[in-house]
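As a plain string of letters, each chain reads:
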Amino acid sequence: MAAFGTATTGRPLGRSGSPGFRFTLYALLAVIVMYLDQRQHYLEHVRYALQAAAYPIQLAVNSPPAAWRWLHESVATRESLQQENARLRAAQRDLELRAMRYEALARENGQLRGLREALPPVAERWLAAEIVSIQLNSLRQRLLLDRGAVNGVFKHQAVLDDKGLIGQTTHVGPWSAEVILITDPEHAVPVRIERTGLRTIAVGGGDTSSLALPYLPGNADIRSGDLLVTSGLGGVFPEGYPVARVTEVHRDAVQPLAQVRAVPLAHVETDTEVMLVWLRADQPAAAAAALNAAGELTGGNAALQPQPAPPKAAPAAPAAPAAPAAAAAAAAAPRPPAPVNETRP
Amino acid sequence: MSPDSRGRMLLSALVALILTVLPLPPSLEVVRPGFLVLTVFYWSINAPRTGGITLGFFAGLALDVFQGPVLGQHALALALVSYLVMREHQRIRSKPAFQQAFMVFAALVIYEFVLFAIDGWTGHPLGSQLRWIHAATGALIWPLAAPILAYSAGRLT
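Chains as they are written, first to last, in my numbering: chain C, 845 to 1189; chain E, 77 to 233.
In isolation and in its complexed conformation, chain C is listed as follows (with noise of 0.2 Å):
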């Protein structure tokens, strides 16, 4: 290779110039490398490449813990296996309770917004992936999974365990994606608060265990205890999951802001699967996506957001003169039978 240099040539350092020349060239290309990953989100197709050829090593490197879960598995007494089994299956005869009590509720809510039917659920598909690496420190809180393009995940999706929001997609290689948690410093969630409804943004706070709201004013009705809930707006995240519980409301009569310190109800040191989540677009609590390239919000979809009716009944109370065909062809289908605004006796 001409870029190194041999012991015979007669210049000192290599061939292909001097060091000064070479350190210049470098810093020139990171310089431009920087530039373009920065501010032009050119390098998505690079990234994409280089996270394929990081992910040998990455589950190298994680092989050893890897290794340790599953001797630790497989040696597993039988007591222990019968304990978890019996748990389990408490666990989920509560869950079926749970879910009976879900669809009534659900077919109930349909009823008060005027809907025949239950609004479907907001998650159309779950794929559960497992986690190979995660980084905690101060300045990056990010999970390796063991999903990527060729499962169909995309960047900006939204990650969640059995108790909380974990976070979102941030790159996606064809095997592997990087997942920034909701603790990240770099990381905002837009929450609700499920008392109040008043809508705040979440920032992380760096560690695992602490998300901060500074955008509270000093008199809004928050206390400890409360329970943070996505709003649904940004995007990115579907509307109401919980997220995180208030643990610390410290107001000072000085500054405009309280501080507010809550803690996310999802456990991603224990965890060692999430759930990637595909949104029903037609949803109304589905996050709306209108997400351009450098994925900012550029303006909201009011038809993806919560509205006082549904949308597909509306049309269909002066439906009724003029409509011979269209009409004859949905007979068939139940249909609204009063218009949505009508108040039941």
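In short, the hints are calculated from the structure, not lab data.
Among the clues, some could well be false.
As the list claims (entries may be wrong) - Pulled a few chain C residues facing chain E out of the computed Cβ check, cut under 8 Å:
1) Phe867
2) Leu903
3) Asn981
4) Thr1091
5) Glu1092
Note that beta-carbon positions come from the ideal geometry of N, C-alpha and C, so glycine has one too.
Following the hints, put chain E in place on chain C, whose structure we already have.
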């Protein structure tokens, strides 16, 4: 120089990269020395013709893929460290290891400063003051790391 030497260089850089991205508990994370910087430092003073700047650039680019907020950040920092060290390689090489440790400390501070400046310019979080600690641990570990690197380079048996 020889293909053999270049192979050893790449192997030591790969090991250093793995040590850098190995998952550690957060308390140990802040004191983890910059193994990749130490490796680039070693090769730049002891084999300046083997291409330390090239090694620094591409090893840094690899590190950027694993944990850089923006591609090219570690690449620039490592190429700069390699260049500065290479300019003074004859003076540094003749010193005993504990005196070299001071220069390793300076190199690590320069390296971290470049990362810090780029974090600031690109609008990424700067973190706490703890990010500078690894310069000290890297310098402390240098008298231990130098013989290991010399062994990996085939200069010590």
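Can we keep the Asn981 (chain C) interface hint, with Cβ of chain E closer than 8 Å? holds (5 Å)
Take the shortest C-beta to C-beta distance between Glu1092 (chain C) and chain E; is it under 8 Å? For Glu1092 (chain C), the interface hint is violated, since the closest Cβ of chain E sits about 20 Å away, which is over 8 Å.
Was the hint right that Thr1091 (chain C) lines chain E, CB cutoff 8 Å? violated (20 Å)
Should the hint that Leu903 (chain C) touches chain E count as held when the rule is a Cβ pair under 8 Å? This interface hint is violated because 12 Å lies over the 8 Å limit.
Evaluation of the interface hint that places Phe867 (chain C) against chain E, nearest CB under 8 Å: Phe867 (chain C) check passes; min Cβ-Cβ to chain E is 4 Å, inside 8 Å.
Violation of the numbered hints given earlier is confined to hints 2, 4, 5; the remaining hints are satisfied by the structure.
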